[in-house]
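Engineer: Single-letter residue listing:
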Amino acid sequence: MDFDFSPEQYTLRDEARRFLEQQCPTSHVREFIDDPAGWSRDLWKQMADLGWMGLAFPESVGGLGQSFLDLVLLLGELGRAVAPVPFLSSVAQAGQVILRHGSGDQQARLLPGIASGERVATLAVAEGAGTYGDAGIETRADADGRLTGEKRYVLDAPAADLFVVAARGPAGVGWYVVEDGASVTTQRSYDITRPIGSLTLDGTPAERLAVPGLDPGLRIATAALTAEMVGTASKILDLSVSYAKEREQFGRPIGSFQAIKHKCAEMLTDLESSRSAAFYACWAVATDAEDVDLAVAVAKSYGSDALARLGGEGVQVHGGIAFTWEHDMHLYLKRIKTAEALFGDAAEHRERIAVLAGL
Amino acid sequence: MDLSQSPSEQSFRAEVRAWIEKNLPEGWGTPAFKDPRTFEERVAFSKEWEAKLAKDGWVGIHWPKEYGGRGATYMEQIIFHEEMARARAPQLFINFVGTNLAGPTIMAHGSEEQKQRYLPPILSMEEVWCQGFSEPNAGSDLANVQTRAEDRGDHFVVNGQKIWTSFAHVADWCLLLCRTDTSVAKHKGLSYLLVDMKLPGIDPRPLKQITGDAEFNEVFFTDCVVPKEYLLGEMNMGWTYANTTLSHERGPAFLGHQIRFRNVLLDLFKAAQNTKRDGIPVSEHPVFRQKLAGAYAELEIMRYIGLRNITSILKHGRPGTEGSVAKLYWSHMVRRMQELALSVGGPAGALDGEDAMGRGQWQRGYLMSFAQTIAAGSSEIQKNIISERVLGMPRGETWAPREKR
Ligand SMILES: Cc1cc2nc3c(=O)[nH]c(=O)nc-3n(C[C@H](O)[C@H](O)[C@H](O)COP(=O)(O)OP(=O)(O)OC[C@H]3O[C@@H](n4cnc5c(N)ncnc54)[C@H](O)[C@@H]3O)c2cc1C
Numbered sequence: 001m002d003f004d005f006s007p008e009q010y011t012l013r014d015e016a017r018r019f020l021e022q023q024c025p026t027s028h029v030r031e032f033i034d035d036p037a038g039w040s041r042d043l044w045k046q047m048a049d050l051g052w053m054g055l056a057f058p059e060s061v062g063g064l065g066q067s068f069l070d071l072v073l074l075l076g077e078l079g080r081a082v083a084p085v086p087f088l089s090s091v092a093q094a095g096q097v098i099l100r101h102g103s104g105d106q107q108a109r110l111l112p113g114i115a116s117g118e119r120v121a122t123l124a125v126a127e128g129a130g131t132y133g134d135a136g137i138e139t140r141a142d143a144d145g146r147l148t149g150e151k152r153y154v155l156d157a158p159a160a161d162l163f164v165v166a167a168r169g170p171a172g173v174g175w176y177v178v179e180d181g182a183s184v185t186t187q188r189s190y191d192i193t194r195p196i197g198s199l200t201l202d203g204t205p206a207e208r209l210a211v212p213g214l215d216p217g218l219r220i221a222t223a224a225l226t227a228e229m230v231g232t233a234s235k236i237l238d239l240s241v242s243y244a245k246e247r248e249q250f251g252r253p254i255g256s257f258q259a260i261k262h263k264c265a266e267m268l269t270d271l272e273s274s275r276s277a278a279f280y281a282c283w284a285v286a287t288d289a290e291d292v293d294l295a296v297a298v299a300k301s302y303g304s305d306a307l308a309r310l311g312g313e314g315v316q317v318h319g320g321i322a323f324t325w326e327h328d329m330h331l332y333l334k335r336i337k338t339a340e341a342l343f344g345d346a347a348e349h350r351e352r353i354a355v356l357a358g359l
Numbered sequence: 360m361d362l363s364q365s366p367s368e369q370s371f372r373a374e375v376r377a378w379i380e381k382n383l384p385e386g387w388g389t390p391a392f393k394d395p396r397t398f399e400e401r402v403a404f405s406k407e408w409e410a411k412l413a414k415d416g417w418v419g420i421h422w423p424k425e426y427g428g429r430g431a432t433y434m435e436q437i438i439f440h441e442e443m444a445r446a447r448a449p450q451l452f453i454n455f456v457g458t459n460l461a462g463p464t465i466m467a468h469g470s471e472e473q474k475q476r477y478l479p480p481i482l483s484m485e486e487v488w489c490q491g492f493s494e495p496n497a498g499s500d501l502a503n504v505q506t507r508a509e510d511r512g513d514h515f516v517v518n519g520q521k522i523w524t525s526f527a528h529v530a531d532w533c534l535l536l537c538r539t540d541t542s543v544a545k546h547k548g549l550s551y552l553l554v555d556m557k558l559p560g561i562d563p564r565p566l567k568q569i570t571g572d573a574e575f576n577e578v579f580f581t582d583c584v585v586p587k588e589y590l591l592g593e594m595n596m597g598w599t600y601a602n603t604t605l606s607h608e609r610g611p612a613f614l615g616h617q618i619r620f621r622n623v624l625l626d627l628f629k630a631a632q633n634t635k636r637d638g639i640p641v642s643e644h645p646v647f648r649q650k651l652a653g654a655y656a657e658l659e660i661m662r663y664i665g666l667r668n669i670t671s672i673l674k675h676g677r678p679g680t681e682g683s684v685a686k687l688y689w690s691h692m693v694r695r696m697q698e699l700a701l702s703v704g705g706p707a708g709a710l711d712g713e714d715a716m717g718r719g720q721w722q723r724g725y726l727m728s729f730a731q732t733i734a735a736g737s738s739e740i741q742k743n744i745i746s747e748r749v750l751g752m753p754r755g756e757t758w759a760p761r762e763k764r
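So the protein lines, in turn, are chains A and B. 1 is the number of the first residue of the first sequence in the working numbering; add one for each residue after it. 360 is the number of the first residue of the second sequence in the working numbering; add one for each residue after it.
Derived from the structure by calculation, the hints contain no laboratory data. Just so you know, even glycine gets a beta-carbon here, dropped at the ideal spot from N, CA and C. Warning: the hint list may mix true and false statements.
[Unchecked claim] What the simulated footprint calls covered on chain A by chain B, stretch by stretch (three residues with Cβ under 8 Å from a Cβ of chain B suffice, anywhere in the stretch; the number is not a length):
id : region
1  : 192-206
2  : 218-224
3  : 277-283
4  : 296-304
With the rest of the complex left out, here is chain A:
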């Protein structure tokens, strides 16, 4: 029985934290927030040099041959830093979908660029229905694989040059890769640390990935998001606790007031329970565990609620200072609130749980 990460995985986490603290302080994050399509190509390049993009891809496509589990703590660090780079979408989501659903040939063609960081890929799933299950997919693929439809809430769309699109073809739903011809409209993201966009497909040429259906790709993408959310939330708690220890009112640190202490204890409980769920979901997708469907739905439904709650309390602990644009808290809060809504909100995943639990 060992439900923990390996020493090597922890070492990578520590290195990532040090690197991001130096190379991606919030002053760097803020360089991009006025441009809705902005992201840090500089940081991306440095991350590529460190080999992070290739970590969980096979050596045959230029990766390092590690598993998805090796991405989990790293995603947490990127979430902690609200790093303005498309790592989640390109490497942990779209790339993993190609790995799970692509044929050997498709992998060999599409993954090397993603694994080296030269290309940026992203998933396009949700549409007008606002859900992430098969039923919400109306984008059509004709017999030649040409796609027609409207995709929304596409993370990092302005940064991407390769879209992995969920569409309904003659043989049911599946993933289609679009390399050229999609028209991207940048949208104003609530999470100002990373861009979002919509995608218009109008007879756009695409290639269907070999393995049909949206799962397990969708599951792995959702689990990856929960791993990142936990990282952002841990930063909110750390900031709140250290602020509560420093800030004095009534002649004593506010962290000595039980109302504040108990809030922080509840935040830690929300964080640790969400973290347990996210880790379990990531373990389940990495090992194709029997209860993987359930594990992912549990992690996303619970984490969406609990971590958003944690974010709100983080603002509350700070008082007026956190209400300013200048203070960093809103960067983290907006990241969490946005993640709460994407890849299935709490209600959508709870309905999934109801079905899985036989209700």
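Given the coordinates of chain A, work out where chain B with the ligand should sit on it, guided by the hints.
Structural biologist: Positioned in the frame of chain A, the structure of chain B with the ligand alone reads:
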């Protein structure tokens, strides 16, 4: 990360499972079985069941072999509790304090003679123990215990009152925390006695609980003469020993509990499917469906938390910071689940007993869930511990009596 089981763990599981299958009380779990309802019935039932477990060596399996235990590994203890829960076997009830609290405390701090005297009859289920810690003015602030044990050379004279003492009225022995020195800081003047409940001057009076049962008691000590040989360890070291006892209140039963709560929730799912609101089953009513699924998610997470804690214990020998967090999490999870259970019935939630949904099991379960957020360190105490010891936040006692302000 590796959640697989070793071959020896698998064979231990099979052994436990086989024993349970063969030994569960006749008809247990079938509608025909007449569940023990009153406290007296439950005590009688539990004594019989636990004696059966004891006879085949399934009581105190975590005790070392030299004291009659099985010396089961931590994983084996977990598996034992899981299998008992899976089979919905009766829970350790009457002998909980003896095997889980008294035994380990005596093993850690008792003399050889005390170990020889006390340990075997705990394992054989011949003697029942109770925990006499809490007092009217020493609840969360346990170190404020006022019950006096006066040193009279070869014996103590005990005067005072305990409260909330579960099973005191049916117990043979008591773990008694009492004050032996009033001149020092409050946690430095406590001693720990192992007291025969049949001694003159001990008067347990059952308190009717919120459920209507009387499981816990007030216990009055009036000039009770307690022989010196009943002292555990050294004089005035009681606080340390009491902490040993408290550290055993939680343990490897965590995943077993999770399975039992899961059984409860699955029963609730059935009830929700069989109860109609506005002509549709409650389980299909969107609001309830969301809540029921939410409860299921929270319950799953209890298991994941358990897996992380176990890993931490196996690796580092302690549950890390997760112990208090885990207790806070699951105790409130259970309360939410039981609240939901009552609301599933709608107006039928207003009935109790034979007329109620589930013959009153949900009404009782709801009330019992408060025990978990109050006892074994209330939620507020857990939050103090988490904020001060885990998050390193400052202690904040600045209140002083009015005249001193
Ligand atoms: C079912 C049940 C069985 C029990 N069995 C036993 C037993 O067998 N033996 C035994 O010795 N005891 C037993 N107890 C007692 C249990 O340990 C106490 O109830 C518990 O320690 C709380 O003490 P109290 O009831 O005096 O509440 P109090 O300590 O008076 O607490 C009242 C409220 O104040 C809050 N509070 C107290 N201090 C603080 C603080 N510093 N900061 C913030 N909030 C605070 C508490 O959280 C609670 O909400 C049992 C209790 C129950 C419910």
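Engineer: Now look at each hint and say whether the structure bears it out.
Structural biologist: The hints, checked one at a time:
no. : hint    : verdict
1   : 192-206 : violated (count 0)
2   : 218-224 : violated (count 0)
3   : 277-283 : holds (count 4)
4   : 296-304 : holds (count 4)
In this structure, the earlier hints numbered 1 and 2 are contradicted, and the remaining ones agree with it.
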